[in-house]
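Visitor: Residue numbers (this note's numbering): 67 to 358.
It cannot be assumed that every hint is accurate.
[Said to hold, decoys possible] Here are the simulated lysine-lysine pairs, PhoX-like style, with alpha carbons at most 20 Å apart: (1) Lys273 to Lys356; (2) Lys347 to Lys139; (3) Lys321 to Lys137; (4) Lys292 to Lys321; (5) Lys251 to Lys229.
No lab work stands behind these hints: they were computed from the structure.
Being a predicted model, the structure only gives us computed values, none of them experimental.
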Amino acid sequence: MTHRSAVPALIVLATALTTSGVALAQTAATTDAAAPAAAPAPNLTGNVSLTTNYKFRGQDQDMIGRNDYAKTKGFKPAIQGGLDYAFGDSGFYVGNWNSSVNWQKGNSIEMDVYGGYKFKAGPMDMDVGALTYIYPGNSAGNTTELYVGATYTNDAIGSFTAKYSHTVSKDYFNFAGNKGGSGLKGTNTGYLNLAYSKEIFPKVTLKAAVGYTALSSDIRRNTPYKSYVDYNIGAAYDFGNGLSLTGSVQGANKKTAYNTAAGPVYDFGFYTVQQVYSPNKARFILTLTKTL
């Protein structure tokens, strides 16, 4: 904000009082018009990332390895990126985000398409919208959710966000096997996420989140999958010019409910052995992001 000298202001006021009230109003209007306008926020923004392991809600998204057995290594890099467009100051926005994946046969790409509306509600920043996850090579995983989020930010204590997503598509990431003819549905699966962030040192921001996936009754009662809790805790370093590096530990509980075969069955006659792997296993993940 520009601070003006008090002497010219007193001269203007004295002149206005000795002429008319109209002159005073005109002087004030001229002063307001001279104030510099705030630079408008860019309508189109973008981002690109490289990560050592893409986890979604605590679960690895690169799972299929040699002979269709699960990959057990922690280093499973992915490239990601997206674009967001805001419709001026209206609060409406649309966007697209993409990532390399490998958790269902015939597919290597995740494409997210979303749109919503952001607005203020007292001290809260609100966000409501819809998001569709698209898997071009295998549509069995396609999922659509509606979401609502609320963020409270305080310079002293940090930023808190609560977001709830509700599945409205027939399946939830193929957990119900709906397109495979199971007759089950993933509709009404819910996901609640609570997140916190705070700059703890110059350019260093602490980030932590916990989420809960409440699977639909069809999935819970008729498949081995269980509702579970995921977590994500780490810190991000801002290099400037839109470049940042984040290190975090991510994972989830209920690991055995999501075990998949990581090798062949060995039959020793009186017992069998098979290596298994859970996508919920905790991993340390590094992500380098550039915003545009």
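Visitor: Are the hints correct? Go through all of them and say.
Guide: So, going through the hints one by one against the coordinates:
1. For the proposed pair lysine 273 and lysine 356, the alpha carbon gap of about 18 Å is at most 20 Å, so the pair holds.
2. Taking the CA atoms of lysine 347 and lysine 139, the gap is about 11 Å. The hint holds against a cut of 20 Å.
3. Of the pairs offered as hints, the one joining lysine 321 and lysine 137 holds, with about 15 Å between alpha carbons and a cut-off of 20 Å not exceeded.
4. Between lysine 292 and lysine 321 the alpha-carbon distance is near 9 Å, which keeps this suggested pair within the 20 Å criterion.
5. For the proposed pair lysine 251 and lysine 229, the alpha carbon gap of about 23 Å is over 20 Å, so the pair is violated.
In this structure, only the earlier hint numbered 5 is contradicted, and the remaining ones agree with it.
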